[in-house]
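Knowing the structure of chain U, use the given hints to seat chains H and A on it.
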Amino acid sequence: MNITDFAPWICWISPLIGALLTLLSRDNTVKGVAASSSVLVSWISALLMVPMVSTNQALNVKSGWIYLPEGEPTSLGMLVDSLSIIMVNIVSFVSFLILVYSTWYMRREDGQTRFWALMSLFTSSMLLLVLADNFILFFIGWKMVGLCSFALIGHYYRDEERYWIGGPPPSPFQKPSTCALKALLVTSFGDVAMLSGIILIFVYSKTFNFVTLLNSSPEWMLKMAQSPGLILASIILLLLGVAGKSAQFPLHIWLPEAMAGPAPVSALIHAATMVKAGVYIVARLFPLYYNTYWIVGIQEARFFFQIVAFLGVATAFLTATEAVTALEIKKILAYSTMSQIGYMMMGLGAAGLSQEATIAGYSGSMLHLLSHALFKAALFMSAGAVIHLTGSIYIHEKSLDKRRTRLIWFFTWVSVLSLIGVPPFSGFWSKDEVLAACLESGQILLFSLGLLTAFVTCLYSIRMMYHVFRVDAKVHDGGGHTHSEEEPVMVAPIGVLSGLSLIIGILGYWFKNLFKEIFHGFLSMSLRLETYPRGEWVESTLIPLSSISVIAIASVASYFYYVKYRADYVNLIVRNPILEKLHKVFWNRWYIDKFYESVFVRSILSVRSGIQGKLETSMDVLLNIGVPGIFSRMSQILRSMQTGLLSVNMLYVLIFLAVMMIFLLVG
Amino acid sequence: MFTPSLIIIFAFSIVMPFIKFIVSTHKIHLACNILSIIGFSSALIIFSLDILEKIRLVLQNILPSSNPYGIISAFDSSEILIFLVANSLGLLTSIYSLKYMERDSGLPIYYSLLFLNVAGILGLASSYDFFTLFVFWELMCVSSYMLVAFRKSESESIEAGIKYTIMSSAGSATILFGLTLIYTVTGTLNFQGVASALKAISFNPLIYVALVFLLVGFGIKTALFPLHTWLPDAYMAAPSSISAFMSGIVTVTGLYAMIRSFSVLSYAVDIHSIWLISVLSVLNMFFGNIAALLQDDLKRMLAYSSIAHVGYMLIGVSVWTLPGITASLLHLFNHAFIKCVSFFCAGAFVYRLGTRKLAEMHGVGRVMPLTTSALIISLLSSIGMPPLNGFISKLYLFLASMNSGMLWLGLSLVINSAISAGYYLRIIRVLMAPKSENMEKMKEAPIQIVVPIYAATVFIIFFGLYPDPVFSLAQSAASHILSLGEG
Amino acid sequence: MLPVLWYITTAFILYSVGIYALITKRNLIRLILGIEIMVNGAHVNFIAVSSYWKGGFIDPSVSSIVIISIGLAASVSAVLLALAYQAYKCYRTLDIRVMRRLRG
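Protein chains in written order, with the numbering used here: chain U, 31 to 697; chain H, 25 to 511; chain A, 354 to 457.
So that you can see chain U by itself, here it is in the shape it has in the complex (with noise of 0.2 Å):
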């Protein structure tokens, strides 16, 4: 037996135990430690993994799990491949960090018990879902974390003032509970629509299990293309699943609200972890879809690059814009996860929209994805050190001195630098690896809007880092005292995370080819072509060089509206009809969220009272009154069977003897 066979059930059986201890123990501290403990037994069993990255295998440990009538077995296994274990690390670590930092964050909160349970409950299910060799385990893990989310978004829920979000004032504020129902709401109905496509492709390939649903591909492609709009629609009912939990264009609404749960959970779920899924599970079936439309050759499949990309590229513009208007500091980092999430999935369908891109788009929005991790991690939890040290979530109200938190303001400015995509941060590499793919795929639509997407990404990045620290007098009154307010049990994980984007930046050349090298290898693999076009990884200057000058552009800009003009800018949107305009749109989300609205809830508010007085009184009546009403009737009768005498039992014998006899023996 390897070592790498129980790695991977350890890798996320291990959080689950922490979670249980975490419920067993009394002491807040025992709790933390606890949790965050379990989750470094994952990361180093993660580790234990790492030497399996470039074998180009996929390890399958399997154990027999459930026998459906017709198709293949399901197993309870671990799916160990290029691909899981790169997930599998990101995973681990950062989650590994944030709970470090979560010790600090929640130290006087309430409802320790609580979160520290669903923290590690979700560290051990997002594992599982990543680690996971078939669609059930996947959909279990997949759902967990949701439940994990929503349950941690809604940790106020007791519903206090303070934790209120939204606003300021003309905006209406949300509650913390409110948002939580959102975010489940919106992901849910993206799990159905997720969970329907899974079904409609287990009825057609009789398997649940990524392996052999990939090696069997091009019979039951085959046989579902016989049936037009079948490949289709399995396509879309699996994109809505990712749209839903990777928070892309239709079903992006419930992320910025998800901001109310307290900042570990936001750098945890919504911006390093459960956010990824959807990447996860597109850059799943990517070999998948691949294989069918490049090598099988059925036109139909080429849906889920297209849509893939589509809805990347929207998410990515849509959500930078309004990332532009923000006040609060969380939602600001909200959209900009959206914004990037939304890069990581133009790559991957940039990489199916063309075999040269295929290699560069699949392994930079991989890339993109680790770089990502972990500077929106750092991010977030700068956020919350910035909110927790202020006491407002907005970014204009308040700010932090600088000199008293010269760390964080050290950390959060690599991090932003990496956001952007300055070189040599690892957000340049991954940035211009995703423009390159869509480049070389001939997209240039794609390409366009990805680079004025950088453009505005610094804007608002360069805005909020204005707003945040400052020397000047408006800074919080921290009582007086100069010393820092930094501890090291919150400052070392930002620091540790930040300090990881620069050392993958600086490394960035030789870490993007390994990533190519890995991924090449992972593909030709999966799709078992040995020889698969290397194609000409284009080392062109073009790109670096245009991204580059549109950050450089951007950040004159943005240092000319937000820093030169700093109380004036607001005037500066009063003044210009235009601005006004485009600022109303943007805050206002583009009227995506009142759109929502007006259709799904009002409306159906709107017929309530009628289907209510119609339909819904007397089905009650029924329900309620008459089904409880029979079968108690039919109970009464049945027990008046029971009489207690002996004799009218062995009657009752005596009868079944005949009627048995009777029928057999006729019958």
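Calculated directly from the structure, the hints in this document are not laboratory data. In this text, a Cβ means the ideal position worked out from N, Cα and C, and glycines have one as well. Hints are supplied without guarantee of correctness; some may be wrong.
[Unchecked claim] Partial list, computed: chain H residues near chain U (C-beta under 8 Å): (1) LEU235; (2) VAL236; (3) PRO250; (4) PRO256; (5) LEU300.
[To be verified] Calculated from the model, a selection of chain H residues having no Cβ within reach of chain A, i.e. all distances over 12 Å: (6) HIS50; (7) ILE70; (8) ASP294; (9) PHE415; (10) PRO470; (11) ILE471; (12) VAL482.
What follows is chains H and A alone, placed relative to chain U:
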């Protein structure tokens, strides 16, 4: 033919009554209990050692094959499943009895009877001859009569005991009569001999008569619909430990014996074509669940639910295919642990509150959280909630009915699971209600009661998550039963 | 020698008498007797049929079966009589129709 574990069980049952000549009166309960725990665990250990090699084979065979119903011929005997259930339930019951039966007298006899009962079940499960089967059957019956009426000063338990004894011994007489008819047709009672004789002869109506007699005789013990009348009384009035044991294994042993003897008779009669069995199965389900709806007595409600579960198991008998019998045996195994936990918990409430009435249990969950959560797990498992073992066996029963083209059986299983949720959830609601005044001074059940409850609850959860070992066990048992009398 | 069918019929009649007693009689002792009669019907059938199979001789294994079975029936009767004694102590009567506290 006697396996070592059976001999151990017999030896302990004979030794047990003599304890009172050795041990002083006030220590006698503890001594008996420890002795019985030793007895059951040593039987279990010796049995496990016996089948260790087979278990290893099973574990090797667990890896999924392409055909889920492929015959895994690791075992050549069908009794292992029953052995394991009976022995472990016996062990759990004796641990449970340490505290639960502390106020009773005559405990050496109690444990001796428990051993005799297990011995009967074990012997029955490994019999290859109708008369051996009958002798062990009577052994099981007689000991269970006395166990039901064990509290002889309570009129309820005497009344239930009398009804149970008279009905059940009439059933035994019916079985014996059926056996004479089989003997009349074939001239032998050996399974193999009967089978080969049945293959040789042409149609004989007497064999159908014999089948009906066996159905009625075993059916009384199994609580088939109109023959069930003893069951609610007996389970209600018996000590809870005995209710758990009987509901878990004694009742379903009737079903097991029925399957075993039908399998032999199936050489002359096409069991699959007897649609009456499927009608009985549906009747049992509906009767059990609907009659339980309005009960106010927790143990009586659980007793009716046992009747419904027998109906579920009959689905597998009525389809009479390998998947069907497998599913039935799987449900037999799972139901044993589910009902064991339910009755143990009901007993724990009786022990603390002194009442079986649901109306007087409002808010018990707040003062006895451990017991209540185990009860809730077992009830959810009986409904068929997914990660628990009840779901697995119900799923297989449904699939078996679907595979044999008797989907209506599967559908009535689903409908009945919904009806049963009506009263199971009612129990849960009562337990979780705000606590009433009489709960103030209550506390959690003693550890000796909680431990066996949780030991069985672990089985419920574990075999829900990982049903493979039991599944392959049930499958090999089913394939063995279906080939009884061959070669 | 009478044909074997007669014996089988007799056995059936004995069995029916037993069932009839169980259904109609009130006294617990009579019920016990009813069960004994049912069991004995089966025994008669066994012995008669075994002589039919072995041509005038009684199959020795059947003899042993019947003797064991008589023992079993006796043990059941013993249990029942003990129960009847306890029932009399509880209810002061042996009438089975009085014992109907458990119902519904």
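Each hint tested on the structure:
Nearest Cβ of chain U to the Cβ of LEU235 (chain H): about 7 Å, under the 8 Å cut. The hint holds. Interface restraint check: VAL236 (chain H) against chain U, minimum CB-CB distance 5 Å, threshold 8 Å, status holds. Here the hint on PRO250 (chain H) is kept, as its CB sits about 4 Å from the closest CB of chain U, short of 8 Å. Taking 8 Å as the C-beta contact cut-off toward chain U, the hint placing PRO256 (chain H) at the interface holds, the least distance being around 7 Å.
For the restraint placing LEU300 (chain H) at the interface with chain U, the shortest Cβ-Cβ distance is roughly 6 Å, inside the 8 Å limit, so the hint holds. HIS50 (chain H), annotated as away from the interface, keeps every beta carbon of chain A farther than 12 Å; the closest lies near 26 Å. Every CB of chain A is more than 12 Å from the CB of ILE70 (chain H) (nearest about 28 Å), matching its label as outside the interface. No beta-carbon of chain A is positioned within 12 Å of the beta-carbon of ASP294 (chain H); the least distance is around 25 Å.
With a least CB separation of 31 Å from chain A, PHE415 (chain H) remains clear of the 12 Å interface cut-off, as annotated. With a minimum CB-CB distance of about 29 Å to chain A, PRO470 (chain H) clears the 12 Å threshold, and the non-interface call stands. Annotated as non-interface, ILE471 (chain H) keeps its C-beta farther than 12 Å from every C-beta of chain A; the closest such distance is 33 Å. With a cut of 12 Å on Cβ distances, VAL482 (chain H) stays outside the contact zone with chain A, its closest approach being about 34 Å.
Of the numbered hints stated above, none is contradicted by the structure.
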